[in-house]
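Could you build the full structure based on these sequences and the hints that come with them?
Which chain is which? The protein sequence lines are A and B, in order. Residue 143 in the numbering used here sits at position 143 of the first sequence, with consecutive numbering throughout. So the number in the numbering used here is just where the residue sits in the second sequence, counting from 1, plus 1000.
The set of hints was computed from the structure by calculation and includes no laboratory data. Just so you know, not all the hints are guaranteed correct.
Calculated from the model, a selection of chain A residues having no Cβ within reach of chain B, i.e. all distances over 10 Å [unchecked claim]: (1) P31; (2) G126; (3) A134; (4) R152; (5) P171; (6) N207; (7) K270; (8) R291; (9) A386.
Calculated cross-link-like contacts (lysine to any residue; reagent style SDA-like; alpha-carbon spacing at most 20 Å) [to be verified]: (10) A:K419 <-> B:D1046; (11) B:K1049 <-> A:Q308; (12) A:K419 <-> B:E1016; (13) A:K419 <-> B:K1025; (14) A:K100 <-> A:G144; (15) A:K419 <-> B:H1041; (16) B:K1049 <-> A:L250; (17) B:K1049 <-> B:A1020; (18) A:K419 <-> B:P1048; (19) B:K1025 <-> A:W416; (20) A:K419 <-> B:W1065; (21) B:K1025 <-> A:H245; (22) B:K1025 <-> A:R248; (23) B:K1025 <-> A:W252; (24) B:K1025 <-> A:G302; (25) A:K419 <-> B:D1022; (26) A:K419 <-> B:H1039; (27) B:K1049 <-> A:M249; (28) A:K157 <-> A:R118; (29) B:K1025 <-> B:A1083; (30) A:K419 <-> B:A1020; (31) A:K157 <-> A:C168; (32) A:K270 <-> A:R331; (33) A:K419 <-> B:V1059; (34) B:K1049 <-> A:S72; (35) B:K1025 <-> B:A1080; (36) A:K419 <-> B:A1023; (37) A:K419 <-> B:H1058.
Reference listing, derived: stretches of chain A covered by chain B, where coverage requires no fewer than 3 residues with Cβ under 8 Å from a Cβ of chain B [stated by the list, open to error]: (38) 236-247; (39) 256-268; (40) 304-318.
Every value quoted in this text rests on a predicted model; they were computed, and no experiment measured them. Using N, Cα and C, we set each Cβ at its ideal position, and we do this for glycine too.
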Amino acid sequence: MSEISRYSAWSLARRAWSGARWRRAWRAAEPRPSYDVIIIGGGGHGLATAYYLAANHGITNVAVLERGYLGSGNVGRNTTLVRSNYLLPGNTEFFEHSLKLWEGLSHELNYNVMLSQRGQLVLAHGPGQMDVLARKGNTMRLNGIGAELLERADVQKLVPFLDYSSHCRFPIYGGLYQARAGTVRHDAVAWGYARGADHLGVDLIENCEVTGFLRDGDRVTGVQTSRGVIHAGRTAVCVAGHSSHMARMLGWRLPIESHLLQAFVTEPIKPFLDHVISFGAELFYVSQSDRGGMVFGGHIDGFNSYTQRGQLPKVQTVAECAVALIPGMSRLRVLRHWGGIQDMTPDGSPFIGRTPFQNLYLNAGWCYQGFKATPATGWCLAHTIAHDEEHPLIRHLGVDRFERGNGHDEYGLGLWTYKQ
Amino acid sequence: MLRIPCPHCGVRDYTEFRYAGDATKVRPTHGTDDVRAWHDHVFLFDNPKGAHREYWQHVQGCRQWLVLERDTATNTVGRAWLAREGAAS
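Listed below in structure tokens is the structure:
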């Protein structure tokens, strides 16, 4: 990165003084006929992969192909939470690696991604649930990740505005607190990785829809796009929501269904909620944005869909969760709600790694947890592409794991929990 | 709101129904030990963006299983008929 394009207090002061305009954060690249690596999908995962290919592995002849504009998909549609409170071997290390990368990301990218480690509290509503959280907390601590088990009185001291009344349907029993968890400014993640990758020589090509793959037998040699044919040494698919759609172009079926997840933000209010809170009686999570809006989300709508518009009954369910947890939210007005399309997998874990096709790599199936995994996914997928071998942190996430009976079920509830 | 034309009860909100997935899947032959066929049946999905034929059960109505045609890209609903008539009809 040249001195001119680096962001710093000095560059800010100089521009304020001289009135000089800021340079575009990245070039509008035109597609070239061939690249060493093509990454399909200019969202958080695709851009992070491109950045780490260049930064960690010196592979800079890379193009990121995006159908719309950079960051137009789920990286800008999530509830911005980051955490590493995972139980299963494999997940614990992977998500902790991700959280460590989040912690250094603003410096790494010279771009403020506004990480706010405000702490996340997962609630338990009964002794059984408390045991599960204790086990998870112990696992985290054995892996060197901090976690604190809180009793009801501790929870009440930390977040006094939850419903502690005697008549509430799901009385709060306790909770598990991870102090290093928090939120990140989601759009800035896409923009920061885009700018970082661009400075290292990666071509970011927008309005470029992939319409087919070039093949030589079982080897993928490039892609057909709305802007012409582009040849590639290696190709990676990072198109959350549309993974099956891509795979079909290869006559390949995936263990994935596309589902719609809604998220919500209320009108802004004064600082009220200092942490991220996850309800234990239903899937519901809430935090307050820097602007003051309460940002929250719940379950998927429940039937496979590629529409990015949610159904109203789910709005009601999620609002009921909000009020059951925080009665003070009952009079807030929802400012906006929106939908994103996510890949749902049988065991709730993603697929990253090599595929039955040579030189084709898949990153898909992130269910609810794609955003927090962005840096580690980019890191591990870049390694996998560079070495044609899975990074140790993602060896358990192969797309063929159900053929081998190796489902990776974080919550221990069995397969297909998203359908119940 | 997604509205489903139940052959018995008329057009009803989708919240009265339970969704049960792709109706075009065909079970492997009963008793077969072809593990690959079972894997593909249980775990793999066409998951199309566009025309989809799917099962719904009208749990809060006539309790019948239906086959519904729906466009997954727009949620436009097409025909619905009783599942006992077959998914292909």
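For each hint, the structure was consulted:
| no. | hint | result |
| --- | --- | --- |
| 1 | P31 | holds, 24 Å |
| 2 | G126 | holds, 27 Å |
| 3 | A134 | holds, 33 Å |
| 4 | R152 | holds, 34 Å |
| 5 | P171 | holds, 28 Å |
| 6 | N207 | holds, 19 Å |
| 7 | K270 | holds, 35 Å |
| 8 | R291 | holds, 31 Å |
| 9 | A386 | holds, 29 Å |
| 10 | A:K419 <-> B:D1046 | holds, 17 Å |
| 11 | B:K1049 <-> A:Q308 | holds, 12 Å |
| 12 | A:K419 <-> B:E1016 | holds, 16 Å |
| 13 | A:K419 <-> B:K1025 | holds, 17 Å |
| 14 | A:K100 <-> A:G144 | holds, 12 Å |
| 15 | A:K419 <-> B:H1041 | holds, 16 Å |
| 16 | B:K1049 <-> A:L250 | holds, 15 Å |
| 17 | B:K1049 <-> B:A1020 | holds, 18 Å |
| 18 | A:K419 <-> B:P1048 | holds, 18 Å |
| 19 | B:K1025 <-> A:W416 | holds, 17 Å |
| 20 | A:K419 <-> B:W1065 | holds, 17 Å |
| 21 | B:K1025 <-> A:H245 | holds, 18 Å |
| 22 | B:K1025 <-> A:R248 | holds, 16 Å |
| 23 | B:K1025 <-> A:W252 | holds, 16 Å |
| 24 | B:K1025 <-> A:G302 | holds, 19 Å |
| 25 | A:K419 <-> B:D1022 | holds, 13 Å |
| 26 | A:K419 <-> B:H1039 | holds, 18 Å |
| 27 | B:K1049 <-> A:M249 | holds, 12 Å |
| 28 | A:K157 <-> A:R118 | holds, 16 Å |
| 29 | B:K1025 <-> B:A1083 | holds, 13 Å |
| 30 | A:K419 <-> B:A1020 | holds, 8 Å |
| 31 | A:K157 <-> A:C168 | holds, 18 Å |
| 32 | A:K270 <-> A:R331 | holds, 14 Å |
| 33 | A:K419 <-> B:V1059 | holds, 16 Å |
| 34 | B:K1049 <-> A:S72 | holds, 19 Å |
| 35 | B:K1025 <-> B:A1080 | holds, 17 Å |
| 36 | A:K419 <-> B:A1023 | holds, 15 Å |
| 37 | A:K419 <-> B:H1058 | holds, 16 Å |
| 38 | 236-247 | holds (count 3) |
| 39 | 256-268 | holds (count 3) |
| 40 | 304-318 | holds (count 8) |
The structure fails none of the hints (numbered hints given earlier).
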